[in-house]
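Chemist: Read off the chains here:
Number of protein chains: 2
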Amino acid sequence: MENQTIGEKEITMFTEKDQKLKKNMSRIKHKIAIISGKGGVGKSTVAANLAMAFALNGHENRVGILDVDIHGPCIPKLLGVKGKTCPISPIGALPVTGPKGIKVVSMDFLIQNQETPVIWRGPLKMQAIRQFLSDFMWGELDFLFIDAPPGTGDESLSVMQLIPDMDGTIIVTIPSEVSEDVVKKAVSFSRQMKIPVIGVVENMSGYTCPKCGEKVNILGAGGGKRIAEELNVPFLGQIPIDPNICEKADKGETFINGNLDSSSVKAFKEIVRKVQDFLSSKK
Amino acid sequence: MENQTIGEKEITMFTEKDQKLKKNMSRIKHKIAIISGKGGVGKSTVAANLAMAFALNGHENRVGILDVDIHGPCIPKLLGVKGKTCPISPIGALPVTGPKGIKVVSMDFLIQNQETPVIWRGPLKMQAIRQFLSDFMWGELDFLFIDAPPGTGDESLSVMQLIPDMDGTIIVTIPSEVSEDVVKKAVSFSRQMKIPVIGVVENMSGYTCPKCGEKVNILGAGGGKRIAEELNVPFLGQIPIDPNICEKADKGETFINGNLDSSSVKAFKEIVRKVQDFLSSKK
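Same order as they appear, the protein sequences are chains A and B.
Each residue of the first sequence is one higher than the one before, starting from 57 at the first, in my numbering.
Each residue of the second sequence is one higher than the one before, starting from 57 at the first, in my numbering.
Derived from the structure by calculation, the hints contain no laboratory data.
As the structure is a computational prediction, the values presented were derived from the model and not from experiment.
One thing to keep in mind: the hints can contain errors.
Copies of one chain are not kept apart here, so a pair can be met inside one copy or by any two copies together.
[What the hints assert, rightly or not] List of simulated lysine-lysine pairs, DSBU-like, C-alpha gap at most 35 Å: (1) 79 - 338; (2) 307 - 250; (3) 250 - 322; (4) 140 - 281; (5) 307 - 330; (6) 271 - 322; (7) 250 - 271.
Looking at chain A on its own, in the form it has when it is part of the complex (with noise of 0.2 Å):
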């Protein structure tokens, strides 16, 4: 008798969560995935600067950014918000504000050693996540962004099965043939999860010496656009090789609100106006 009264307080609880966790996405107009079958291709650069695109433009203090990476997080030292942790208020946890309002959460706040690996198996990944999403105070924003690590394990999946009504994923791609492969499997796991594919981004692709102007495909060439034509996915466009973003997200900044001129910021531009476009023509 006993076992069946704590079962059902348990369940209570869980259903509770739930309905927290729906509450709290439900005051979310917009959340989009950025994945990847791959590491190393620029996915947080990618979240991080969508994010900054669209609070520059009339979406300031309505942004999130939640960086699903447990094992290495890197979206505080992008926003150059590393370092500070996570105000606690009587309703629950709150997000650390960066530039321009954007609103961050990420595993990286809430552990105190910089070098201290998070050693977690996915049971207790799938519980951080949903605890994002749930008792983080997100507020009402126009757009959560989901940097989820590369792969299709635990915490992408995690991700696509917790968060409701997800607008779509972007996937995120550089352009050399062994990535080709893994991306593939990111479309395919999207579609599996029924979340639209809003497009690819091929980054890292191509690169133009500064001082004799010499363009070479360091990393191949065309792998992205390939891609989408190939799986008929939209293709968002190419970012080209560019030292500046890197020395900007080093320095914990953007690249976005930089140089105007710069092939790396037209690029990007770009890919902003087709994810506005893919959100306009879903209403």
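Please build the complex by placing chain B on the supplied structure of chain A, with the hints as guidance.
Modeler: The following block gives chain B in isolation, referenced to the frame of chain A:
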């Protein structure tokens, strides 16, 4: 009573499996894991080229490589054995044999459709890794290189826990500050698992324009060296950005057996020498 019998059977089965794994692994002299806190830093490229370097250097047919990246396996593509399947013999499955007799086991050989993502949570991945180690007939080998996926989650943890007497880890990073933080975690992870750090490799370190000779640190500079000094682990060397590495990779070839005058080949040979020194000093 019956329950107890099943329990005992299960225990016997598990012990048998563990013993099989131990026996299988005891026939391999050196086991080295290539790890990194961050994705896309070239872990697989380093693993494939290390395997080739040792195979070319007196260990033909006596080198193995285990691709533990369940979601984004790259090793088969890098060694030109993509699309092959593991031969099954009465005593177990056999690794695919690559160039210079390198024995390869990868999830890639077990999936039918290349676009299908492996959407698995942790426990299933642990089981797969266990089988790679115990149910594949690796035979007698001098070296087994283990290419782990990024992060300190299920896969890396499973590898470290399952493989007895691992010689050490090689940690791969890129020079940017953003990756520095993440890679530090890999060093701590290795230490917590009580596995010696053989050293840190700084990949994609600087790019020299083939036309005018201008050198640009596209992804920053010196991050790997800084980490090594700061954390008091050996620094193995810097591999410059080289379009040839990517081109070769896309063709399914290693770069280590290419042009001897190229700075990337020279740098890599130096890394191989340091790994050899580490292994000799252990005896």
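Chemist: Please go over all the hints and tell whether each is borne out by the structure.
Modeler: A quick look at each hint next to the structure:
1. Taking the shortest Cα distances, residue 79 and residue 338 sit within 35 Å of each other inside one copy (22 Å), while across copies they are farther apart (58 Å).
2. With identical chains, the CA atoms of residue 307 and residue 250 are at most 35 Å apart between copies only, with a shortest distance of 34 Å across copies and 38 Å within one.
3. In this assembly of identical chains, the alpha carbons of residue 250 and residue 322 lie at most 35 Å apart only when taken from the same copy (31 Å versus 48 Å across copies).
4. When the C-alpha separation of residue 140 and residue 281 is checked against a cutoff of 35 Å, the pair qualifies only between copies, where the shortest distance is 27 Å, while the shortest distance within a copy is 38 Å.
5. In the homo-oligomer, the alpha carbons of residue 307 and residue 330 lie at most 35 Å apart both inside one protomer (28 Å) and across protomers (33 Å), since each shortest distance falls under that limit.
6. Taking identical chains as interchangeable, the C-alpha atoms of residue 271 and residue 322 lie at most 35 Å apart whether they share a chain (17 Å) or sit on different chains (25 Å).
7. Proximity of residue 250 and residue 271 under a CA criterion of 35 Å is satisfied in neither setting, with 39 Å inside one chain copy and 46 Å between copies.
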